[in-house]
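Top to bottom, those sequences are chains C and Y. Add 7 to the 1-based position in the first sequence for my numbering, that's all there is to it. If you count the second sequence from 1, position 70 lands on 67 in my numbering, and the numbers rise without skipping.
It cannot be assumed that every hint is accurate.
Straight-line alpha carbon distances no greater than 25 Å define the calculated SDA-like cross-link-like pairs of lysine to any residue that follow [said to hold, decoys possible]:
#1 Y:Lys503 x C:Lys140
#2 C:Lys140 x C:Gly75
#3 Y:Lys331 x C:Asn65
#4 C:Lys140 x Y:Arg146
#5 Y:Lys360 x Y:Ala320
#6 Y:Lys10 x Y:Cys471
#7 Y:Lys503 x Y:Glu138
#8 Y:Lys503 x C:Pro110
#9 C:Lys140 x Y:Arg187
#10 Y:Lys10 x Y:Ala276
#11 C:Lys140 x C:Ile170
#12 Y:Lys331 x C:His68
#13 Y:Lys331 x C:Ile11
#14 Y:Lys503 x C:Asp154
#15 Y:Lys360 x Y:Arg187
#16 Y:Lys503 x C:Ala80
#17 Y:Lys503 x Y:Glu67
#18 C:Lys140 x Y:Cys471
Stretches of chain C that chain Y covers, calculated by requiring three or more beta carbons in the stretch to come under 8 Å of a beta carbon on chain Y [claimed, not checked]:
#19 27 to 40
#20 106 to 120
#21 159 to 171
Simulated from the structure, these hints should not be mistaken for lab results. Bear in mind that the values here come from a model prediction, so they are computed numbers and not experimental data. The C-beta atom is built at its ideal place from N, Cα and C for all residues, glycine as well.
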Amino acid sequence: MYRILRAALRLGRVGKTPPRTRRDPSSASPTGFHHSLGIRHVDAGSCNGCELELNALNGPHYGLEQAGFRFTASPRHADVLTVSGPVTRHMVAALQDCHNAMPEPRKVIAVGDCACCGGVFQGSYAVMGGVAKVLPVDLQIPGCPPDPDALLRGLLQVSGERIEN
Amino acid sequence: MPNPALRLLTDFKRWGTPLPVWSGRLDNEYWPLAAQNIRAQGGRLLALWGEDRRTTEAAGYLVHAAFLSETGIISTEMIVDPAIAAYPSLATVFPGALRMERTLYDLLGIRATGTNDSRPWLRHAAWPADQFPLRTDFSGEDLDIAADRDYTFLPASSPDIHEIPVGPIHAGIIEPGHFHFQVLGEEILRLEERFGYTHKGVERLFQGLDVAAGAHLAGRISGDSTVAYAWSYAQAVEQITNAQVPERAQWLRALCLERERLANHLGDLGAIGNDAGLAFALTQFQALKEDLLRENQHYFGHRHLMDRVLPGGVDSDLTVAAAATLQRTGQTLKTAVGRLQEILAEHGGLRDRVVQLGIISPKRAAQLGLMGVAGRASGQAWDLRVQFPNSPYDQLQVRMATAAEGDVAARMTVRFQEVFESLRLQEEILRRLPCGNVYQPLDLRDTLGEGIGWVEGWRGEVFFWLRMEQGHICRCHPQDPSWTLWPALEEAVLRDIVADFPLINKSFNLSYSGHDL
Chain C
8 MYRILRAALR LGRVGKTPPR TRRDPSSASP TGFHHSLGIR HVDAGSCNGC ELELNALNGP
68 HYGLEQAGFR FTASPRHADV LTVSGPVTRH MVAALQDCHN AMPEPRKVIA VGDCACCGGV
128 FQGSYAVMGG VAKVLPVDLQ IPGCPPDPDA LLRGLLQVSG ERIEN
Chain Y
-2 MPNPALRLLT DFKRWGTPLP VWSGRLDNEY WPLAAQNIRA QGGRLLALWG EDRRTTEAAG
58 YLVHAAFLSE TGIISTEMIV DPAIAAYPSL ATVFPGALRM ERTLYDLLGI RATGTNDSRP
118 WLRHAAWPAD QFPLRTDFSG EDLDIAADRD YTFLPASSPD IHEIPVGPIH AGIIEPGHFH
178 FQVLGEEILR LEERFGYTHK GVERLFQGLD VAAGAHLAGR ISGDSTVAYA WSYAQAVEQI
238 TNAQVPERAQ WLRALCLERE RLANHLGDLG AIGNDAGLAF ALTQFQALKE DLLRENQHYF
298 GHRHLMDRVL PGGVDSDLTV AAAATLQRTG QTLKTAVGRL QEILAEHGGL RDRVVQLGII
358 SPKRAAQLGL MGVAGRASGQ AWDLRVQFPN SPYDQLQVRM ATAAEGDVAA RMTVRFQEVF
418 ESLRLQEEIL RRLPCGNVYQ PLDLRDTLGE GIGWVEGWRG EVFFWLRMEQ GHICRCHPQD
478 PSWTLWPALE EAVLRDIVAD FPLINKSFNL SYSGHDL
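Same shape as in the complex, but just chain C:
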């Protein structure tokens, strides 16, 4: 126990604090999303690169919960649906079910180049070519994969915050 405490103290605070933000008056996001987002993530056929970066958000360098955001296990507890991958045909039904299970208000974020436009898998018989082909998308975060900073900024934008700097 002592060694665990010592290791935790030695680690201390790492990374930058979350960026300073202020409410974005032009944002149409519901006030309920302010500093409070439940995020449900669905991998609709990604290569797993985007998932690595999404998982990194929970680490001490980014501390997602400091911003009031957290990933939820069920779409019923979620405000935002993040989707990665070009949306394979085999994932369309599950993705739609997940979106339908989310209570309103709800937002959809396409994470990564594949989710935005199909990425390197564009044109394949097995993919739809981006989340917008299946669901209404509120925000796109391009990148291959987008790094956790870009993901955090996107989430802040959806929650109605603007980065101050």
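Please arrange chain Y on chain C, whose structure you already have, making use of the hints.
Coordinates of chain Y only, in the frame set by chain C:
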């Protein structure tokens, strides 16, 4: 001629490559016999795939199988008469062949005879049952997005058994796949997997690509293994073009591969600890991994090293100052991981969960032909860096990490040992890095032929087979180590409780996207 016992293979020719490969064509009668021979001498099935060669001199489909024998890779092919569209199954010899053969039917429409499982594997409902994406006359019409409700899972043997379907969407931030449990109380009696949810049609996408576009795609089949995939692809291309890759580039490739191994092992150790309730492990390992990824961005140009390894070399070089910094941070990382290893080894709560959980015995592992991290944790001493070392590993003495218990704790132990070994390799690579170029453009004029790449990725062996014509890819088959390892998970969970499934699954951490293609 690899082995006197393999008299059947007298017509096989040895490739003039550093990696020992023999290839040749068999006919129907010898197809299963060759497999049995190879099995008898302790060999493994590496990959099984097919091609539509009806419009060429072969005048039929070609089914390919690559095996590992005691002296190297044996790559066999056999013509399948289009009128019959069937060939003998190898599933009774190599259990791993079953899913590969079911997939071959889904994609090419040639049937393996002599098995009792002819259910589709990768195809759900996206394309009709009478169409085959890898055939040249695949129309790509009548594609669908309906859910697949027709798959028949193995039935429960008693009405008292409770069935739990899990997925494709899972509770965490993770790839999609379906796990069908049969449980009695809490105890798992059977686990049946169903994949294909991330099937993106990669093999068809490769057709017609030039080498650069192929490299870009290859590195995105399984994002956490992008370096292993890119290197395996590059090996295959460089074989066909007879390329001389500069030595410095080879050493930098190994550096990237070891850093990829480090990043994944650090992530897994934290995640395994977290799945057992030790959130401290997750935080500590996430911090170490994030520092590593930021270093990758700064010194290599990409957090996960995508597009760093290219056919012909690597994309960027390291300065002397950069190498010195990486040496220093490598030492810091080694000390930090050492501390965490001590803490985790003595944590009673963690040990309670991971010891004796999710066991694959060495005997069963050998029958299943396991390799990679999970294989080594069950006593299967396979590591390409040791047994078939390509440059620069032939100049580095890699120490293989093995364990014999085959439980979750053993898969953690192997990862810890490999972290220290990768850090040691990094230190040696940085110290001995030869001078020179890091890239030599390939001569792609009139490129024609087949190539094989084979790299020890962090999960296990990543295998690539490639056929090129006129400088473009005609057919490319990547084989993820997860093909061999996913069936082992079905057995590892037996008699453990459902609540332990996430922990056991995490201890394997296999690829869905690499599997589904």
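Here's how the hints hold up against the structure:
1. Y:Lys503 x C:Lys140: Given pair Y:Lys503, C:Lys140 is violated - Cα atoms ~32 Å apart, limit 25 Å.
2. C:Lys140 x C:Gly75: Roughly 30 Å between the alpha carbons, so the hint for C:Lys140 and C:Gly75 is violated.
3. Y:Lys331 x C:Asn65: 23 Å, holds
4. C:Lys140 x Y:Arg146: 23 Å, holds
5. Y:Lys360 x Y:Ala320: Distance of about 43 Å is beyond 25 Å: violated.
6. Y:Lys10 x Y:Cys471: 22 Å, holds
7. Y:Lys503 x Y:Glu138: 39 Å, violated
8. Y:Lys503 x C:Pro110: 31 Å, violated
9. C:Lys140 x Y:Arg187: Between C:Lys140 and Y:Arg187 the Cα gap is close to 37 Å, so the pair fails against 25 Å, i.e. violated.
10. Y:Lys10 x Y:Ala276: 55 Å, violated
11. C:Lys140 x C:Ile170: Given pair C:Lys140, C:Ile170 is violated - Cα atoms ~30 Å apart, limit 25 Å.
12. Y:Lys331 x C:His68: Within the cut-off at roughly 20 Å; holds.
13. Y:Lys331 x C:Ile11: 18 Å, holds
14. Y:Lys503 x C:Asp154: 23 Å, holds
15. Y:Lys360 x Y:Arg187: 20 Å, holds
16. Y:Lys503 x C:Ala80: Answer holds: Y:Lys503 to C:Ala80 is near 17 Å, not above 25 Å.
17. Y:Lys503 x Y:Glu67: Roughly 32 Å separates the two Cα atoms, so the pair is violated.
18. C:Lys140 x Y:Cys471: At roughly 30 Å apart (the allowed maximum being 25 Å), Y:Cys471 and C:Lys140 break the hint.
19. 27 to 40: violated (count 0)
20. 106 to 120: With 0 residues in contact (Cβ-Cβ under 8 Å with chain Y), the coverage given for the region 106 to 120 of chain C is violated.
21. 159 to 171: violated (count 0)
Hint compliance for this structure: hints 1, 2, 5, 7, 8, 9, 10, 11, 17, 18, 19, 20 and 21 are broken, all remaining hints hold.
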